[in-house]
Amino acid sequence: MTQRPHPRSPGATRLGAEDITVGYGVTPVISELTFDVPDGQVTSIIGPNGCGKSTLLRTLARLLKPTSGRVRLDGTAIGDVPTREVSQRLALLPQSPISPDGLLVRDLVGRGRHPHQKWFRQWSPDDEQAVEAAMRVTDTLHLADRSIDQLSGGQRQRAWIAMTLAQDTDLVLLDEPTTFLDLAHQIEVLDLVTRLNRERGRTVVMVLHDLNLAARYSDVIVVMKDGAIVEQGPPTEIFTPAMLSTVFGLDADILPDPRTGLPILVPVSSAATAAASLTGA
Amino acid sequence: MAVLTSPRTAAHPVRVGGASWRVPLRAAVVAVTASAALLVLFVLDLALGDVDIPFGTTVSTLLGGGDGGSQFIINQLRLPQATVGVLVGMCLGLSGALCQTFARNPLASPDILGVTQGASAGAVALIVITGGSGYGGGIIGGTLQTLGLPLAAFLGGFLTAAVLYVLSWRRGIDGQRLVLIGIGLGAALLAVVEWLLVRARIQDAASAQVWLNGSLNARGWDQAKPAMLTLLVLVPLSFWLVRHLNVLQLGDDSARTLGVRLQTTQLLILVSAVGLASVAVSACGPLAFVALVVPQVALRLTGGSRPPLLASMVLGAVLVVAADLITRVVLPFVVPAGVVTAAVGAPYLIWLLVRANRKVST
Chain A
252 MTQRPHPRSP GATRLGAEDI TVGYGVTPVI SELTFDVPDG QVTSIIGPNG
302 CGKSTLLRTL ARLLKPTSGR VRLDGTAIGD VPTREVSQRL ALLPQSPISP
352 DGLLVRDLVG RGRHPHQKWF RQWSPDDEQA VEAAMRVTDT LHLADRSIDQ
402 LSGGQRQRAW IAMTLAQDTD LVLLDEPTTF LDLAHQIEVL DLVTRLNRER
452 GRTVVMVLHD LNLAARYSDV IVVMKDGAIV EQGPPTEIFT PAMLSTVFGL
502 DADILPDPRT GLPILVPVSS AATAAASLTG A
Chain B
5 MAVLTSPRTA AHPVRVGGAS WRVPLRAAVV AVTASAALLV LFVLDLALGD
55 VDIPFGTTVS TLLGGGDGGS QFIINQLRLP QATVGVLVGM CLGLSGALCQ
105 TFARNPLASP DILGVTQGAS AGAVALIVIT GGSGYGGGII GGTLQTLGLP
155 LAAFLGGFLT AAVLYVLSWR RGIDGQRLVL IGIGLGAALL AVVEWLLVRA
205 RIQDAASAQV WLNGSLNARG WDQAKPAMLT LLVLVPLSFW LVRHLNVLQL
255 GDDSARTLGV RLQTTQLLIL VSAVGLASVA VSACGPLAFV ALVVPQVALR
305 LTGGSRPPLL ASMVLGAVLV VAADLITRVV LPFVVPAGVV TAAVGAPYLI
355 WLLVRANRKV ST
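Here the protein sequences come in this chain order: A and B.
Just add 251 to the spot in the first sequence (first one is 1) and you have my numbering.
Just add 4 to the spot in the second sequence (first one is 1) and you have my numbering.
Source of the hints: derived by calculation from the structure; they are not laboratory data.
Hints are not guaranteed to be accurate.
Here are the simulated DMTMM-like pairs of lysine to aspartate or glutamate, each with C-alpha atoms no more than 25 Å apart in a straight line [what the hints assert, rightly or not]:
1) A:K476 <-> A:D331
2) A:K369 <-> A:E379
3) A:K316 <-> B:D226
4) A:K476 <-> A:D461
5) A:K369 <-> A:D421
6) A:K316 <-> B:D54
7) A:K316 <-> A:D287
8) A:K369 <-> B:D256
9) A:K476 <-> A:D352
Quick list of simulated restraints, FRET-style, between CB atoms [unchecked claim]:
10) B:V275 <-> A:H393: 54 to 62 Å
11) A:P492 <-> B:V275: 56 to 64 Å
12) A:Q401 <-> B:A350: 29 to 37 Å
13) B:A40 <-> A:N300: 39 to 47 Å
14) B:V44 <-> A:Q401: 36 to 44 Å
15) A:G330 <-> B:W244: 22 to 30 Å
16) B:V275 <-> A:Q292: 23 to 31 Å
17) B:Q180 <-> A:A493: 54 to 62 Å
18) A:S496 <-> B:I354: 31 to 39 Å
19) B:V358 <-> A:H393: 58 to 66 Å
20) A:N463 <-> B:L29: 54 to 62 Å
21) A:P333 <-> B:W244: 16 to 24 Å
All residues carry an ideal CB built from backbone N, CA and C; glycine is no exception.
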């Protein structure tokens, strides 16, 4: 679970999309998009529903094949890198993974070691250490003997993140890691993401729905609309009333967080404004 | 490390030099116990029948001793049939465990998915079309029996599986769609079998009907050999696949990001499962419900998240040999073993469905 140096061409980042077009049917979801994942940063992709956030993430993880252009991993087209090697460098937590009934948390996390195992080396001391470390970081050690179907949503999500961490990759992609969690658990998961980045040097890319959480927990914000990236930069620069209005169709005030100075969105609700004027406030 | 090697650990790490494995302790205990039970049932199956031979004599005859009479009864008459029972049970148990893991659905067994019916249709077509119905012991004569039946069953099974796969593939395999399409295919193929029977000469139809009931009667080395060969190839393959099966359970996306070559692996699992089911069908007809029930029973015995391969295999053999024993010895009239496995299997299937409903509704 330590940061490892990796050979890469100077200038380019380790993972990037070069002029990709991706789509399921005739009309592409993403067209001619170029994006370099900033190394060593936490990047959040935001955008309205159906803008292609998840499609971009899944293409970066090689789950979708672009119809044109290519995804580059360490200077090579990701399609040319053997599946196993990709899985040793890049992990993805899908949006809705399947949690089989009866699977113990320790076994789920252990499955993250698959890319590092062979049929004659299925449980090396390295595997054991990586699994324990992943469970320690995610605070799931005490759940090791629990079955995954008995856990609360937050615990289950932490177990899945532990599985992703046990894979021990420098690049970690998370597809809406906070969906279905209550606010306290969302904060818990995102604090964990920050720790992974700060303490272990992981590059993190995630798709987030909640704009306030994205603003608070990201080094870089990528704004997508209609299959294209419209803006990219630090949260303080990206979150402007103009952007929210053009991209999300949202009328909102932006205030600085009193503790961090990071932007906080306060949506302007027509109902609330009307109520305020009625009471004469 | 203390936490990860607590006594409740389901899997015990075994390390030799640089090599390492994890042995699932409870599954291992179940497999060993089931093997012991199988051994006892096997010897009983040899000892009991129209002529009962004492247990001790049976064992010594098996090991080369005994008088001429018991040698004939055991080695010539009963041993081949009991061996077919063991092999067929192993094939069905393993095939069911592979299918259910593949589809992530406890209902997905070769008989529900239509693979068994496909293999039956292939075999019945061979019996009816060649008109080679034998008079006497075998169902059909000569090479058709040893080579033709297994090949026809394989062909039927694989064609069905291919159609099933193509029809249910929508950017991945969904267990529920697989089961629904499989049920449809199975019904259609049963109609084909019925049609073939209606068109057949009366002797051929009679042979085919006996065979379709799933009978171990008069089965011998001719049926044992193809089953043995298939197991010899597909058991090692299946056990090599275990590692990938474990990851496949987590969904297609997770499996791929964990470095599994999805299509190749799924193809290998499907080919193994279909091959095992088809050879079992060709040996003694469709033994109902074995492949469906046994892996689920094994799963409940071993605990864990998917049907265990080894335990399913051994328990499959236990069920088939026990069914053979019941039909030959316990019941006052001769009944095909398939009737007994169905009598055990159908109530279990209903129980499984009732339980699944409750789980959804709570």
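Going through the hints against the structure:
1. A:K476 <-> A:D331: 30 Å, violated
2. A:K369 <-> A:E379: 15 Å, holds
3. A:K316 <-> B:D226: 49 Å, violated
4. A:K476 <-> A:D461: 16 Å, holds
5. A:K369 <-> A:D421: 21 Å, holds
6. A:K316 <-> B:D54: 66 Å, violated
7. A:K316 <-> A:D287: Cα-Cα ~17 Å, so holds.
8. A:K369 <-> B:D256: Holds. K369 of chain A to D256 of chain B sits at ~20 Å (cutoff 25 Å).
9. A:K476 <-> A:D352: Given pair K476 of chain A, D352 of chain A is violated - Cα atoms ~38 Å apart, limit 25 Å.
10. B:V275 <-> A:H393: 54 to 62 Å: 42 Å, violated
11. A:P492 <-> B:V275: 56 to 64 Å: Holds: the Cβ-Cβ distance is about 59 Å, inside 56 to 64 Å.
12. A:Q401 <-> B:A350: 29 to 37 Å: 31 Å, holds
13. B:A40 <-> A:N300: 39 to 47 Å: Given range 39 to 47 Å: violated, Cβ gap about 59 Å.
14. B:V44 <-> A:Q401: 36 to 44 Å: Taking Cβ atoms as reference, V44 of chain B and Q401 of chain A lie about 38 Å apart, which means the hint holds.
15. A:G330 <-> B:W244: 22 to 30 Å: 26 Å, holds
16. B:V275 <-> A:Q292: 23 to 31 Å: 45 Å, violated
17. B:Q180 <-> A:A493: 54 to 62 Å: 47 Å, violated
18. A:S496 <-> B:I354: 31 to 39 Å: 59 Å, violated
19. B:V358 <-> A:H393: 58 to 66 Å: 35 Å, violated
20. A:N463 <-> B:L29: 54 to 62 Å: 48 Å, violated
21. A:P333 <-> B:W244: 16 to 24 Å: 19 Å, holds
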